[in-house]
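Using the working numbering, you'd call the opening residue of the sequence shown number 1 and step up by one each time.
It is worth saying that the hints were derived from the structure and are not from the lab.
As the structure is a prediction and not an experimental result, all values here were calculated from the model.
Each hint should be verified, as a subset may be incorrect.
Unchecked claim - What follows is a set of in silico ranges between Cβ atoms, one per label pair, in the way DEER data are often shown: (1) Asp-55 with Glu-147: 45 to 51 Å; (2) Thr-153 with Ser-10: 51 to 57 Å; (3) Lys-2 with Gly-40: 31 to 37 Å; (4) Glu-137 with Arg-102: 22 to 28 Å.
Where is the CB? At the ideal position from N, CA and C, for every residue including glycine.
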Amino acid sequence: MKQSERQERSRARILEAAAQEFAKLGCESVTVDGICAGYGISKGMMYHYFSGRDDLFLHCVEAVFGRLRARLEPLLESTDFLDVSAAVRGFFAERERYFADRPVEKAIFENALFRTPRGLEERISELHVPLEELNREFMRRLTERLEPRQGCTREEIQRYLEAVSAAYKTLLDGFAGEYGVTSVESMVSSCGRLVELLLFGIVEKSGTPVK
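Required output: the full structure, derived from the provided sequences and hints.
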């Protein structure tokens, strides 16, 4: 086996061990000593590849985000053949299907987004950008299939979507209820409905009050 292959296997073994610990305990309760002791990894090897616990967690998060994006990206094409409501439901429900048999990845995803470790907020936000861009592209494709409301231009729609995207996490937390979004399941159940409301509105435009 070549040295580069041995190094890659060692690095992958460390990340797998770390992922198991993060899923079980949460990032802030994990220690490098615990990973090394629990999985027979020498500290020398650990620090040869990673600077510490936070570095390990960020690598795990990056891997989870990347694999989820790869799973969702093909839906951009397939949803073109569905009606808009079905496309919205399917796009967000696919996250739940992806994590259904991946409990370790699910735990890391939830830890990163819903219980973000102190000091890692900015870096995790950066890692999440590719998924956010995918969401924006999905919304752009949806709106291109819809006829703009009378008096509303495509340019206004695009600016509206960009503004919503910037505040989406806050909107989603508020819409989800008292405790906000705390899991993949609560995220999925809230996302689809919130997107439908953002696209189609919440009241009739007739102006007639309810009696």
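Structure-based check of each hint:
no., hint, verdict
1, Asp-55 with Glu-147: 45 to 51 Å, "holds, 49 Å"
2, Thr-153 with Ser-10: 51 to 57 Å, "holds, 56 Å"
3, Lys-2 with Gly-40: 31 to 37 Å, "violated, 23 Å"
4, Glu-137 with Arg-102: 22 to 28 Å, "holds, 24 Å"
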